[in-house]
Structures are given as structure tokens and as C-alpha cells.
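Mind docking chains B and L on chain P? Use the hints.
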Amino acid sequence: MSKFDLFLQQIFNGLVLGSIYALVALGYTMVYGILQLINFAHGEVVMVGALVSLWVSLKLIASGVPGPLVFVLGLTAAVPACMLLGFLIERIAYRPLRRAPRLAPLITAIGVSIVLQALAMMLWGKQYKSVPQLIPAIPLHVGGATISTLQLFIIAVSCVLMAGLLVLINKTPLGRAMRATAQDPTVAGLMGVDINRVISITFIIGSALAAVAGVLVSQNYGIAHYYMGFLLGLKAFTAAVLGGIGNLTGAMLGGVLLGLIESLGAGYIGDLSGGFFGSHYKDVFAFLVLILVLVLRPSGLLGERVGGRA
Amino acid sequence: MNTLIDWWHRNRRNTRVVWMTFIVVGVLLALLPFAIDAAFGRTWVRIFDFVLLYVMLALGLNIVVGYAGLLDLGYVAFYAVGAYVYALLASAHFDLHLPFWVLLPLGAVIAAGFGVLLGAPTLRLRGDYLAIVTLGFGEIIRIFLNNLDRPYNITNGPQGINLVDPAQLGAFSFSRTQSIGGITFSGAHKYYYLFLALTLLIIFVSIRLERSRIGRAWVAIREDEVAAEAMGINTRNVKLLAFAMGATFGGVSGGLFASFQGFVSPESFGLMDSIMILCMVVLGGMGHVPGVILGALLLTILPEMLRYVGPLQQQWVGRVLVEPADLRMLLFGLALIVVMLLRPAGLLPSTQRRREFKSDNANAPAGTSTTA
Amino acid sequence: MTLARLSAVLAALALWGCGKTESPAPEASKPAGDTQQAAAPASAPAPTEPAAPVVKIGLAVPLTGPQAHLGIEIRDGAQLALDEANEAGVMLGGQKVKFELMAEDDEANPSKATIVAQKLVDAKVAGVVGHMNSGTSIPASKIYSDNNLPNISPSATNPKLTEQGFKTTFRVMANDNQQGKVLGEFATGKLGMKNVVIIDDRTAYGKGLADVVERTVKASGKTPAAREFTDDKSTDFQAILTSAKGKKPDVIIFGGMDPQAGPMAKQMKSLGLTAKLVAGDGVQTPNFIQLAGADAEGHYASSPGVPLDKMAGGSAFADKLVAKYKTKIELYAPYGYDAASLFVEAMKKADSADPAKYIAALAAITHNGVTGPIAFDEKGDLKGGLITIYQVKEGKWMPVETVGGN
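Chains as they are written, first to last, in my numbering: chain P, 207 to 516; chain B, 86 to 457; chain L, -8 to 397.
Since the hints were made in silico from the structure, they are not lab data.
All clues stand as given, with none of them false.
EDC-like, lysine to aspartate or glutamate: derived pairs with alpha carbons at most 20 Å apart:
hint, chain 1, residue 1, chain 2, residue 2
1, L, 158, L, 369
2, L, 209, B, 234
3, L, 238, P, 477
4, L, 239, P, 477
5, L, 213, L, 176
6, L, 89, L, 342
7, L, 87, L, 75
8, L, 384, L, 241
9, L, 87, L, 74
10, L, 239, P, 211
11, L, 311, L, 78
12, L, 340, L, 368
13, L, 238, P, 211
14, L, 311, L, 91
15, L, 387, L, 310
16, L, 339, L, 78
17, L, 348, L, 137
18, L, 260, P, 211
If we strip away everything but chain P, and leave its shape as in the complex, we get (with noise of 0.2 Å):
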């Protein structure tokens, strides 16, 4: 394997990783974007999408279900109930403080996600469960490099569902009023749109993302586990900053771009420190570009200045 082609595996690498940091980093930019809070439960929610999906899958294996057609039907699955739960999180938790301190309902998010790993802990016990291969991953082979098709389902899927984002806020009357909302919430209101629906849409929409991410992640590594949300969602918020919090384009292009820093961090760390550094810095280095970025842009890459609102 050439130098060349290790390069370019490192880049498929990154891209798939990338494309789902993006698609959590979607869920919690679009609720900063709206409501300026940071939803740590967010990252549950992925976990819980990953879950629902795998039980109801493993009950229709047993029944001689077809692989790809159990997917689809793991994901309906997963994608309702993720909606659900993103919409009753909104409600209990973080709807009664839309007015208090700002920290409130950073404190109820840490609630909200220690109770959901308790309850998937008690649901569906603690032990790392293994994921059945759904959709084929057939290598394919590109100069030296291996893709999988799996992996390329993956960041196609990514693909579609960003783009039809992208559609929905832009082009579409809902759009605009999340748009109008995450501007200024008062004036939107006055000018008749129902800004509890519009939250409420806002997270229904954000976790039918992570829904669908939680079921790509544990389709990729045939691993799911109560914990999984916790370091997925951090990264995703990273992610999420990194590309300017509150921009939807920014939260995609963040995702991407940690994926690429970590991959070839992990890869080349280790050879440029001349062996001083190892792959164990890779999130350090993830980290330090991301110091580096906001220190120039403090707002993120895409972010708009905001300027009186701290």
C-alpha cells in the first residue's frame, strides 16, 4: 500500500465518521439556532434511536424477515419513538425555563440524559449488544483504498437527509418561520407564527436525525450499548461549533471536517511528532483546532457575528 493510498484511506475514513458527527451536530445546532441552548440530552436521544431500532430488528430476524426490508422497518421504528421522545423532552424539560437563567435548562439536559441512560440501562440492560449486519458491506476498491458499501449507504444517506434539510428550511413555509424564530423570537410571534409549535417541530425534526444517525452508527460497527450517546453527542457538539452553532450549513461542514481532523490526526500524528506524539492525541489535536478556529472566528467557521448576546 502506497503513501498515496494510505492518504486516501484516511480520507474515507474521516468521511464516514464525518458525516455522522454531522448528522447529530444538525440536531444541536438547530436547537441552538431556536432556543440558544446547548441539549446535552441530545446524544440520549441517538442512543435510544440506536436501541429501538436494534430490538425490534432482532424480533424480526427471528421471524425470517429479509435483511434490508428489516432495516427500513427498524428504522420506522426508531425514527417515531425518537420524535416522541425529542418532543416530550422539549415539553418537561426545557419548555417551563424558556425564561429562566440561562444555565436552567442546561442542568435539566444533564437530568434528562442521566435519567434516559438509566431507563435504556434498565430497558434493555447493560451489556454491549451486537448489531446484525443489514445492510451488505461489500468492499469496494479505489486505487488502494477500501470503501465499503455500507460505508458509502452511509454518507449517502447523510447526503440525502442534509440536503432535504437544507430544502425544508429555506424553501418552505415552516422553514421560514424556524428561520424568523431563531431571529427574534418576539418579533416572529407578533408577526403570527406559533413559536412553541416551531420549537416543538424543531426538535421532533432534530431527533428523527439522531434517530436515524443512532441506527447508521450501530450499523457500522455492530455495536450499541446504553453509553454510546454520551461521547457521540460531545463530538457532535464540537462538531457543531466548530462550523459556527446555529448555522445549518456550518453544522455539516463541521461534521465533515472532525471527522477528516481526527482521522488524520490519529493517522499522522505518530510520524510527524516523530514518534513523541501517538494516535492517543488525536482528540488534543481535534481540540487545538478548534481553539485555533474560534480564537480567529469566534463565531465558527460560517458563524454570524453576533454582537450584544453572550
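Showing chains B and L alone in chain P's frame:
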């Protein structure tokens, strides 16, 4: 509780009442470990040692988040720095055994240095951008501690540093059980008094800072940075000072933690620990010293109390319906949600904030929020 | 609810809860809400007690958090051992005693571990099975030692645990030095590897194991091609495996656990890496085969002790565990079982549940556990522990060879 506070506010100008209160509280605090030892067992003395550690940490974070309004999600890094400074210089790891009274201030100073290091690049950042950078900073410190065992072994990596010297002043060791004047003091008891002394010092400093010129500058920055700058406040220095002060308290408690535990490893300084300290500050009442103390107290003892829920379940229901450990975690999460929903400004908000919040509720438009 | 009311409720809960379960020895001052249970002091069963005196065995493992699945296994294993002892009937000091397990969650958190340790000391347990991790075992072991309470860790592997010089600290798991050496020698010797990449998960366990392996490989005159790192929460190893692939290894040694090794094996396959994965006991689990599926085939992992089905009563143990707790043995259940059994055996030998009396018997014990023959050296480490290397063949772990651990 509220009547108690009102009583205090009515009488705070009366010197006699104030002195009497100090004496009564002092005696109660001094007797506390013996009372809980007798009533609940040695475990609870140890838990109260941790309560004091967390009070110090929460007060340190309170300076950054509560006073200056800078959201810090990586505060535990300073705790880690303090702990590792102590552990590296007072253990068999490098075969250095510097005395406790040198290391505690040293850890505090080094932690303050890290505070400035974190503060410097983040001066222009606001709100949640700051949150993610501080979070990243906390992770970077942890990752370095976890990985600096190669190529040169500095921190001993994930295996941590063992056999850290206990706190010692002259020949007086805090870890040994000892009889003084016929009363037996266990290690947990003696550490309680050490921690109590430093906690009281930190409370005193916190309150003095709050009412000082610097404290008012912090609040001004919190409320409106542009206006504060226009009023002639050097926001850069004042912000850096907030980070440094907060980090100092973290460094002190870190050193105490290392001496108390006798062992440090990176797993004690994860993101979840930062978040828990933040919860203590916010849940208790940001920017208000009694509130923050209450927050630290509740969030440290609540998980321990919830350990008794498992056996209770067995007695009430007759069998184990839900795994006790799961139930405990569930109840803890629910408690966070319920308390915040019932008291969005914290359990004991400062009077200023209480007023703000009330007027905020009355006339603030939907969606806008008070600054952090 | 006002704050006053809330705190009153909490305080009441605390008072009541503590009084309920914590009531230590009777000679201690009376706790509030005095509802003394059958929590008789373990040491001296009072002859007036009509019911069988209770000997409490403490257990401290993570029961919540990302490692809970391992913790509950230890708990179920220990519970089974005590249940069996109770069924068989154990006489101590001329009296039939009843063993009870007091399980506490240490959350794999060193600070919590010391609180839990103190709690077990306060509850006057007669011995402690735990802790699971090295990071919790080390600070807790000091508290046990200060209170002369023996503890047996079922799974902590950091050599430092037993190097502290405590008379009360034991473990039934081979330490990193013992297992890492066997793995390194197996890879260089029997596997005849030419080029090795070593990966660890940056935990005390994974790093400790990988370091010893690296030393052993170097001692054999070979140089590892690269050392790569991941963490114990990752599932994506594409990047490090890609750079490993650039070094053309024929063996990859992994210090870590099955939730990482499973996906790792899959990703090795999809990247076209044909190297053999060699790992420690954290990977020698049914879960690894499940997680990696067909891609588990041909990989190796070691485990202390001899194969379960070769042990007298080994497979019976597995069946009982499944029947009773619906717990499949993944990894640590047998060690939890053995640790608890050792306490029972030592107490029987000394005819007392008093730690001061039975600790000598525990230190000198020779016992045939389900994980193999157990005896302790002067530090409390497993003496001459046997280590077996397994390979996945047709979806099952098959023993390849058993080596002496020293």
C-alpha cells in the same frame, strides 16, 4: 430556610447576634464529625470530607460562572492540576517528598497559571463558544495526564500515582488515627478539620471578593461586557483574574484530594466531574455563596443517600423490582430536573438575582434570556 | 415544594435510611430510628441469637456506568458462591451461619470507591470482594488495610495493587506482568510473528498489559513496528488500523476489552488487514465473538486459569449461573465466584468469621476454584497462576495451550 435567611438579614447589623451566630455555627461545625460518626457511622464523616472538597470546588467555579458569567465546562482540569502537582512532588514516583505546606500553595499557583493559560485565548469568546473551548481544555489536560507516561514517564499514565504522602504538618500526620485528650480522632476526622479550615478561608475570600471592586467588575462583565468596558473596566485583566482565582481554589482542593486519597489517576478528572461541579453551582444558586454551598452539599450527599433506596424498595415492595443501582441513577437525574423546574434560579438565589428573575418573568419577552 | 420542606424530607430520608441499614455493631451508640435488623456483628455471633447469625460479605464493583455489565457479573458470581455455602450449611464456632452479600456501586470512580470502602467497614462486613478496576482497588485497599479487613479483587490487574505491602489485599486475577509476558512470548514464539503493531485503550488495564507485551517482544530481540492508541469508549478504529496497515504487521496485539476488540476485528477485515489479533482476558469472551461475528475467526486471546470445561464442576457452574440469574458468563463471573468462595473456605478453616482470625488461613489457602487452582504469594498475588491461550475456531473459543504464569 427562608425564614432563617430573613432573620439573618434583619439582624446582620447587630454585632452581638452576629458573634453569637458565629460561635454557635463554629461549635456545631466542630462537633459535626463526632455527631455523624455516632449517628451514621464513619462513612458519613468521609462523605462530609468530600462535601467540603466539593464546596471548595464549587466556590471556585462560582467565581468564574457565577460572578463573571463565563461558562466553564472544564473546571475539573484545575482540580487535576492541583492533585497531580501534589502527587508528583510528594510520592515515591519521583522519590520527592516535599512538605504539605509547600505543595498546597504551589499547586494553587500552578493551577492559577493554567487558569490564565485557558483564559488568554478565550477572551474574545462568548457564551457557548467559551463552553466548548473550556470543555476541550479540560479534556486536553486529562488526555495529557493519561498519556504522559511515554516516551518519558511523567504522570505514570492511566495507572495513576500511588502511595501519595498524607498531609503532614511537622510530626502531626492527618491520616493516622490518634487519641488527643482522650478523644479518638480518625484520619477522616482530622482531614475534616483541615478541609473545614480551608473551606472557611475560601468562603471568606469568596465573600470578600464578591463585595470588592473586583467582584463588582466581574458582575458588570457578566451583565454587559460592552457597557463594563465603557465604564473603564479592563475586561481582559478582570476576566483573567476570574479564571486565575477560580483555578486557585480548584488547585487547593486538588492538592487536598491527593493527600486525602493517597492515590490519583486521570479517571477522577473526567468531563462528568466538571459537569457535576457546574450542577452544584447552578442548582444551589449561581453567584450566591450560601446557595453554592448548599448545592455542593446536596449533590454530594444525595447520591449517597440514594444508596439506601435499594433496601427500602425491598421492604416496601417486598422484592427488588428495579436494580437498586439503576434506580439510584434514575432518581438522581429526576432530582436534577425537578429541582430546576421548581426553582429555576437555584435553591438559594442571591437576592439580586431573585429580584431580576421576578421582574424578568413579568416583562421579558419570550425567548430572550438573562445572561449566564 | 419549598426548600425547607424539601430538605426536611431529604434529611428524614437520610436519618431513616441510615438507621435502617447501617446500624453497625450493637455496642455503637444507638442510631436514630432504631430498627435493628438481623445485622449481627460478624465477628462474635452472640449465643442468645435464635436465628442463624449473619456473616456479611461486602462487594464493591461498578453497577452503573459504562462498565456496569462487568460489575453485575461479579456480583452474580459472588452471590452464587454465598448461596451455595448457605445451602450446604457452614458451621463457624459451633454455630450455623448465614452468608449475606452487601453489594455497593463504586461507579468505577476512585473517590466513590473510598466512600464505599468505608461504608463496608462501617457495616462490619467480614470480607470484601472487590474492587473491579485497579483505579478503585488501590485507594480502597488502603482503607481496608487500615481496618484490617481483607479484600480480594476479582479483576484488578495493576501490579502496584499488591506492591503496597498491605497484608489484607489479595487478587484472584493474574496481574499485567504475568499475563503480558505470556502473550508476548506466545506472539514471538509459537505464532512466529515477524512484524507486530501494539494497540492499547489507554486504561490502566490495557496500557499495563500492552507495556509488558512490548517489553517482552523487545526482550526477544524484535522491535514492534508501531504503538497505536485508542480509548475505552471508541468504536471507530479505521484511522489507527489504516496506519497500522502501512506497517504491514502479521500480528496486532491489543490491550483492552471486547467492546473495542469486536468492532476492531470487523474493521480489520474491511480494511483488508489479515494480521491476527492477540489480546488479553478482556477479549476472551463470548461477547467478542458476537460483536465481531464471522470476523472473529482465527484471532487469539488469553485468560488466566484453565478452560472452564476442564475444571471440575466448571460447566456446571456456568449452567447454574444462567439458571439462577440469567447471567451469561462473559468475563468476570467466575472470578467473583472464586473470590467469595475463598472467604467462605478461609473462614471454615479458621472456624471464625473474624478477619483477625481467618486472614492467616486466607493467605495460606490452596483452593480449587472454577478459574483454576488458587494460592497466594507473599504479596497477595496469584501464585504460579496458569494462563490459557484460546483461538476462535468456528465461532467458539478453543484452548490452544496452557502456560505457567510466572
